[in-house]
Structures are given as C-alpha cells and as structure tokens.
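**Q** Chains V and L, in that order, are what the protein sequence lines are. Following the working numbering, the numbering of the first sequence begins with 160 at its first residue and continues without gaps. Following the working numbering, the numbering of the second sequence begins with 14 at its first residue and continues without gaps.
Derived from the structure by calculation, the hints contain no laboratory data. Every residue gets a Cβ at the ideal spot worked out from N, C-alpha and C, and that includes glycine. Don't take every hint at face value.
Incomplete in silico selection of chain L near chain V, CB under 8 Å [unchecked claim]: (1) Thr36; (2) Gly164; (3) Asn171.
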Amino acid sequence: MRCQQATLPDDSKTKPAGSGANRPVKNFHNRLVYIPHLFYGWGYIEHETNQTMAHIQLPEGLPGIRGPMAFSPETTKPLNLLVDQLLWSADNTLSQGERELIATYVSSENDCQYCQTIHGAIASQWLGDTDWSLVQQVKQNPETAPISEKMKALLAIAGSVQKGGKHVTPEQIERAKSVGATDKEIHDTVLIAAAFCMFNRYVDGLATWMPDDPSFFRQRAVLVCENGYSAANPKPV
Amino acid sequence: MPHIQLTEGVPGIRSLVIYRPDTGKPLYELAQVLLRGESPLSQAERELIATYVSAQNNCNFCTQSHAAAARALFGPDRDVVDFTLSEYETAPISEKLKALLAIAGHVQADARTVSEADVARAREHGATDRDIHDTVLIAATFCMFNRYVDGLATLSPNDPAVYEPMGERLAQQGYALPASNPT
C-alpha cells in the first residue's frame with residue numbers, strides 16, 4: 160500500500176504539464192496487491208502503483224511531511240509551532256476553517272497532493288463541509304465559491320503570493336480592505352500563503368509518499384483539530 | 014510603502030516579526046536551527062544556498078542580507094558569494110555544493126522537478142541524506158521568507174552598505190528575534 164499515487168476525489172481543474180500524475184518517478188510495474196477492502200472483504204484489487212520513493216531514507220510509515228519531520232526533529236519543532244500559531248490558534252479574527260482554506264488553496268495552486276488533501280480535510284472538519292464540496296469549489300475557483308467577499312479578496316492575495324511576493328498588487332490590498340479585511344488578516348493571509356509555499360516544497364522536493372485512502376485524512380483531520388499540530392506530531396520513538 | 018502599517022524605518026523580515034512576534038518567534042527559531050544548528054553543511058554554505066534561492070526569487074532584501082552574512086562567514090573567500098550568484102556552475106565551490114544548488118534551484122522553481130538524477134549527482138560528490146534534506150528545507154524556507162517579505166512590500170534598501178553590518182551581526186550572533194520596541 161505504500162507509495163501509491165493518490166486516487167482521491169480531486170478537482171477537475173486542468174493541471175500544468177509536469178503535475179502530480181506526470182512527475183518523473185521510479186515506475187514499478189503495475190501489480191496486484193492484497194488489501195482489505197471495506198465492502199468486498201479481503202481480496203485482490205488492482206492498483207495503479209505509480210510508485211514514488213522518497214529521495215532520502217525517511218522513517219517508514221509516515222506519509223507526506225511527517226516523514227521529513229521525523230527525520231529532522233530540531234527543525235520540526237519551530238515548523239509545528241508556526242502552524243499552531245498561524246492555523247490552529249483560536250486567537251484570530253479569521254476562523255481556523257478560513258485559515259485552513261487559504262493553506263489548502265495555496266497547496267492546490269502548488270499542486271501538492273498531500274498538503275491540499277490533509278489541509279482540505281482539516282478545513283472541511285472545521286467548517287462542517289462533510290462531503291468536501293466547499294473545499295473543492297474553493298480550489299476550483301474562489302471567486303464563485305460560497306464564501307465571504309472578504310475571503311475571496313484574501314484568497315486572491317494568497318494566489319498572488321503563491322506566484323511570488325511581488326505579484327501582490329495595491330489593488331488587491333485595497334479590495335481586501337474595502338470588504339473589511341484588517342492589516343492583521345492581510346498579514347496572516349500572506350504568511351499562511353508563504354508558509355505553504357515552503358511546506359509544499361518540503362513535501363514534494365523530497366518526493367514523499369501519501370496514502371490513497373480518504374479516511375486516513377479524515378481521521379487525521381479530527382486529531383489535528385482537537386489537539387493542534389505539535390501534539391499531533393509527537394517525537395518519533 | 015508596505016501594504017500594512019509596520020514600524021517605520023525597519024526593513025524586511027525584521028519589520029514583520031516585530032509586527033507579529035508570536036509567529037516571528039518560530040520563524041527565527043527555524044532560521045537559527047536550519048542555518049546555524051548542526052549540519053554537515055557549513056554555516057557559510059547554508060547561507061549561500063539561502064542567498065541563491067532568494068536571488069532566484071528576486072527578493073532584494075533577503076538576497077542582500079544573506080549575501081552579506083555569507084560573505085562574513087566565508088571571510089577571506091568572500092568572493093565566492095558573488096561568483097556563485099552570477100554563475101554557480103563555474104564558481105570556486107565544491108562539486109557537492111554545485112549539485113546541491115542545482116537541487117535548491119529546482120525546489121525554488123517547482124519542487125516536483127527535483128529528479129533522481131539531481132539527487133544521484135549530489136550523492137556522487139559525497140552528499141548525504143542530511144545534506145539533501147537540509148538543502149531542500151533551506152530552499153523551501155526561503156521560498157517562504159522571500160514571499161513574506163515581498164508579499165507585504167516591506168522596506169528593502171538598495172544600498173549594499175546597509176547590509177554589511179547586518180551580515181556581520183547574522184554571522185556572529187545568528188538569528189535572534191529583534192526587540193518588539195526597537196530604539
């Protein structure tokens with residue numbers, strides 16, 4: 160089951176060439192794997208095992224960012240403190256769900272499958288978006304998604320940050336302020352977007368793997384919402 | 014002019030961590046452990062990777078401040094910084110560092126393009142897992158810092174002389190969160 164490309168429900172937006180499915184990977188042969196299935200019991204299910212192995216030897220069994228995080232606990236501590244403060248802390252005029260939507264949108268623009276799936280699941284958990292449809296709409300086009308005008312304006316800023324800091328325009332800032340965004344909300348939007356340009360690169364630059372089972376992400380989302388990021392990523396034993 | 018109200022006269026990242034020290038603290042801790050903590054890469058080499066990525070991202074403040082830090086750390090070999098920024102493949106640096114800069118360049122442009130060939134080249138020249146990990150995380154981290162600094166249009170002096178004392182301070186004292194009320 161390791162190292163499989165995700166077959167999660169994904170947005171249908173056209174991805175650029177060289178995106179997830181086309182990335183240069185170690186291609187293992189298509190093989191039959193013996194796994195338990197919720198509806199069919201134990202049986203052979205054919206999987207597209209477009210396997211990717213990480214570029215470095217990471218602790219086994221930890222998907223996405225959790226592999227490198229366990230590899231390097233000294234850098235992991237401030238990384239988790241950063242996301243706890245930025246995304247999980249209740250002390251913010253943007254809700255946790257709104258901040259996770261920004262993280263998810265930027266991860267989607269960077270085409271980082273692991274980050275957009277886990278943060279999408281966490282956003283959905285906070286927002287009661289049980290079928291993940293809101294998150295899908297935001298990823299496809301924030302301007303037509305059922306979110307506030309302020310969130311649309313902040314996501315436009317986040318989208319510019321994803322391309323590069325200098326892409327943010329005074330008009331985008333003006334728009335956000337005109338629909339009620341404060342300096343701190345604009346600051347946090349820019350920092351969340353910037354931080355996910357880091358996390359996405361950390362995850363993809365080392366070619367980490369991800370599980371293909373949505374229930375993994377749903378369970379993990381509950382854990383993160385309840386306990387925060389530092390607590391959900393204990394030191395490896 | 015910055016997009017939000019920041020302390021006047023304070024440049025770049027410093028103005029931002031003074032604005033919001035509760036996120037500034039982990040950001041500075043990250044920079045300190047990543048660029049000054051234990052690593053098979055020297056502090057000068059790590060600052061060079063940070064400088065190179067910042068230049069690729071066209072971030073004037075980060076490029077100039079980390080170039081100054083790298084020059085201070087390279088000491089008598091300080092010229093390698095400018096050689097590397099103009100064309101690292103012909104710069105007087107190790108083959109390992111060239112291979113790692115190639116990886117850092119891929120991480121900056123699109124992290125999915127780091128190939129097995131890139132990694133194999135680094136290993137041929139002696140890079141370990143730790144070298145590769147640290148290179149990827151430094152490159153990724155500066156894709157954050159660069160966007161944070163430019164995305165809010167912080168003050169970014171052009172005069173290289175402004176950055177010299179900054180570089181000396183970063184080389185000698187590392188990354189310490191500035192006081193929230195600078196005088």
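**Q** State for each hint whether it applies.
**A** Structure-based check of each hint:
About 5 Å separates the beta-carbon of L:Thr36 from the nearest beta-carbon of chain V, less than 8 Å, and the hint is met. Checking L:Gly164 against chain V by beta carbon gives a least distance of about 4 Å; that is within 8 Å, so the hint holds. Here the hint on L:Asn171 is broken, as its CB sits about 15 Å from the closest CB of chain V, past 8 Å.
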